Amino acid sequence: MEDDEKIIVEAPGEEVGAEVYMRVISDVLSDLALGRVIEKVRVYVDVTEPVFIFVALRHIGIASVHLKDFADLEIGDYGKHQVLIKLNKEAYIPQLLEKLWERYGRGNITHEERTLIVVETPDYMDEVDILSEMIIDEKAGEISDRIVDAMLRIIPEGFRVRYHQMTKQYILFVASEDAIKQEWKDRAQTMLGTLLGGVSSNA
Amino acid sequence: MLEPMMYEGGVYKHNLLVELVEDLGGYILQKNIMQTEIVMIMLVPMKDIHLVEDMTKKLLGELTRAPLSGAEIAVVAPTLAYHHLPHLDCDIAEFLRRKGAKTNMIGLSRGVGSRICQINAYERDLINEHDIAVYIFGNFKHCITESKPRLFEGIEIPIVVTGAPDIAPDGVKNAEVYVSMLGRVAHRMRKGDEMHAMDRVVAEVGKILDTLREDIGKDQQSVMPPRVKKEIEDQVPEIKKVLSPLPITLRLKGLKVKLDYDEFREKIGEVSFVEGLKLKDIADIRRSNMKNFILVDIKPKSETGYVI
Numbered sequence: 001m002e003d004d005e006k007i008i009v010e011a012p013g014e015e016v017g018a019e020v021y022m023r024v025i026s027d028v029l030s031d032l033a034l035g036r037v038i039e040k041v042r043v044y045v046d047v048t049e050p051v052f053i054f055v056a057l058r059h060i061g062i063a064s065v066h067l068k069d070f071a072d073l074e075i076g077d078y079g080k081h082q083v084l085i086k087l088n089k090e091a092y093i094p095q096l097l098e099k100l101w102e103r104y105g106r107g108n109i110t111h112e113e114r115t116l117i118v119v120e121t122p123d124y125m126d127e128v129d130i131l132s133e134m135i136i137d138e139k140a141g142e143i144s145d146r147i148v149d150a151m152l153r154i155i156p157e158g159f160r161v162r163y164h165q166m167t168k169q170y171i172l173f174v175a176s177e178d179a180i181k182q183e184w185k186d187r188a189q190t191m192l193g194t195l196l197g198g199v200s201s202n203a
Numbered sequence: 001m002l003e004p005m006m007y008e009g010g011v012y013k014h015n016l017l018v019e020l021v022e023d024l025g026g027y028i029l030q031k032n033i034m035q036t037e038i039v040m041i042m043l044v045p046m047k048d049i050h051l052v053e054d055m056t057k058k059l060l061g062e063l064t065r066a067p068l069s070g071a072e073i074a075v076v077a078p079t080l081a082y083h084h085l086p087h088l089d090c091d092i093a094e095f096l097r098r099k100g101a102k103t104n105m106i107g108l109s110r111g112v113g114s115r116i117c118q119i120n121a122y123e124r125d126l127i128n129e130h131d132i133a134v135y136i137f138g139n140f141k142h143c144i145t146e147s148k149p150r151l152f153e154g155i156e157i158p159i160v161v162t163g164a165p166d167i168a169p170d171g172v173k174n175a176e177v178y179v180s181m182l183g184r185v186a187h188r189m190r191k192g193d194e195m196h197a198m199d200r201v202v203a204e205v206g207k208i209l210d211t212l213r214e215d216i217g218k219d220q221q222s223v224m225p226p227r228v229k230k231e232i233e234d235q236v237p238e239i240k241k242v243l244s245p246l247p248i249t250l251r252l253k254g255l256k257v258k259l260d261y262d263e264f265r266e267k268i269g270e271v272s273f274v275e276g277l278k279l280k281d282i283a284d285i286r287r288s289n290m291k292n293f294i295l296v297d298i299k300p301k302s303e304t305g306y307v308i
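Chains D and P supply the protein sequences, listed in that same order. Every letter in the first sequence is one number past the one before it in the working numbering, and letter 203, counting from 1, is 203. Every letter in the second sequence is one number past the one before it in the working numbering, and letter 46, counting from 1, is 46.
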């Protein structure tokens, strides 16, 4: 069924243009490794206006990495106000140190052994729990940056007036050379509505 | 009549071929050595081609016609952003180069958009220094036929346009020819139909060059550009120190010498021929818009009264 296709480009009177644009979108998404992040794409282009509308659904549920995912946390020895972070993976150390420095100050963080970080804090009992839930690497944020990059590559270069909405669920872009008209925004919302409706009925 | 040919083969003993071509009265235009391989673009007198063919066979090389040799072509993109580069434009430029042309890629500063695109005087003059301009446009017919032709304003050389949609070859105003199937893409051109489309561009450019050569032939040039190239190489030693690719680039109407205009203008003008003439007598020497290089436009016989 046509509605199930991943990328659909609609361009009245420009069938070849629509087909080639579909390939451009698919190339850009695969170049930026967004193929699995973007679920469905609907595009409407009218070069006579000129307007470019892009609506896409995102896959939800890309997990962020918490500290507890790659480290064991303990409180320090008796009498010491410390939290010990024993790392099982070294990959996230730079991000983790940034976050710890920000929260506790550089002077309170000791990282003498490769897999052990000591945090000096008076509230060590509470901080153990807070730390274990700390988000170290936010995949979603990085992916959002990539999506914006992809959008800027896909939209025709001259279309520098833009209106956009970006949530965890969808992306909506309207671009033109002229001021954005309300009817284009409405059209984008309708396209988004259809897309969202289609997904919820499938679920 | 000289025929542009391309030789591809090993470096070993290639000097025999160079000597043969020069003895026959031909010219070596370009010589690229890549480790043990060599590619040479040369002009060979038509009646002696069989001698060059025999030599090529002996050297186990390959000889093909290079119809675009001796021409400088501008490949024009609306901008240099990733919307237009690198894939399609570079692939087309590469295809033209393989057939012997010298290409320059030109990205416009404000060529984007349908209503807002424009070209400035500097870009226009720069493009006009070439023999042909190949404009690479996008995917929408309306854009190509209605908006983008604004970028042709003031261009006096023949224009070839490429784009994705099907439009008649003469469907773009002020362009000589339009070639379809080459729109905006974000991948290297590898598929069969894409390669065919690029071959079509090369063929169309070749046709236009043939017509231009015919036109020039009707009122012969006072001296052939390759001969001027050889004389400059012999008489202006500084040209050997130029690091740019092709220090002397041939154009249909003359040459581009990659030396500073202010410093070398007079020296180039003083280049002399055995017939007793100087280059400034039979050519206009002017400043190029590209890096202050020197442009030599050879005058036709109707203007000077003789051919050497």
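Hint data in this document are derived by calculation from the structure and do not stem from the laboratory. Quantities reported herein were computed from a predicted structural model and do not represent experimental measurements. One or more hints might be untrue.
From the derived model, a few chain D residues whose C-beta atoms are all more than 10 Å from chain P [stated by the list, open to error]:
id, residue
1, 48
2, 86
3, 134
4, 180
5, 196
In silico DSBU-like links for lysine-lysine, alpha-carbon gap of 35 Å or less [what the hints assert, rightly or not]:
id, chain 1, residue 1, chain 2, residue 2
6, P, 173, P, 240
7, P, 291, P, 253
8, P, 47, P, 301
9, P, 207, P, 31
10, P, 301, D, 181
11, D, 40, P, 191
12, D, 6, P, 218
From the three backbone atoms N, C-alpha and C, an ideal C-beta is built for every residue, glycine too.
These are the hints, each one checked on the structure:
no., hint, verdict
1, 48, "violated (6 Å)"
2, 86, "holds (45 Å)"
3, 134, "holds (37 Å)"
4, 180, "holds (15 Å)"
5, 196, "holds (28 Å)"
6, P:173 / P:240, "violated (44 Å)"
7, P:291 / P:253, "holds (20 Å)"
8, P:47 / P:301, "holds (24 Å)"
9, P:207 / P:31, "holds (25 Å)"
10, P:301 / D:181, "violated (62 Å)"
11, D:40 / P:191, "holds (26 Å)"
12, D:6 / P:218, "violated (59 Å)"
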